[in-house]
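Work out the full structure: start from the sequences and follow the hints.
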Amino acid sequence: MCLFVHMHCFIFGNPRNNTYKVVGPYIGGMRDAMAIFRKGKKVYSIGPFDPLILDAVKGLEEMARNAYGDELLYIEVNGWMISSLSGIDDVFIILISKRIEMEKLKHAYESYRVCVAYENIKLMDVLLSMYSTKNADRK
1 MCLFVHMHCF IFGNPRNNTY KVVGPYIGGM RDAMAIFRKG KKVYSIGPFD
51 PLILDAVKGL EEMARNAYGD ELLYIEVNGW MISSLSGIDD VFIILISKRI
101 EMEKLKHAYE SYRVCVAYEN IKLMDVLLSM YSTKNADRK
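The sequence shown begins at 1 in the working numbering and counts up by one.
Derived from the structure by calculation, the hints contain no laboratory data. Certain hints may be false.
Said to hold, decoys possible - Pairwise CB distance ranges, derived in the manner of DEER restraints:
#1 120 <-> 76: 26 to 36 angstroms
#2 125 <-> 66: 29 to 39 angstroms
#3 50 <-> 90: 33 to 43 angstroms
#4 43 <-> 103: 19 to 29 angstroms
#5 79 <-> 118: 17 to 27 angstroms
Glycine included, C-beta positions come from ideal geometry on N, C-alpha and C.
Structure representation (structure tokens):
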């Protein structure tokens, strides 16, 4: 499947595993980043986050959900992986990294749910650092 989007680039997709590759002009200065959105508003982010990425990912995520009923989406852009996860209460998480990090994406979602339960988004930094520590211990 090939799509043409408003950013004047081509998107080639593999619907079997919801993986898409963007071919076209350079999209911002990609670096490790993560953002959590609720009802379309950013509630938490780490690193630089280009709003164009949200637009592109939301559009593709909606198409993937309608076509395949999947809540996960992976997009490759210039060697970077953009992963997204949709959750309950209109929560949407985007993770940008050099590889697919499914566990980190799930940990971010679970951490956000804890922050909502305790009504304290400032806990995100602590909870996300626990993932890094846990991951380092495994190696």
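- Query: For which of the previously enumerated hints does the structure constitute a violation, in increasing order of number?
  - Reply: 3 and 5
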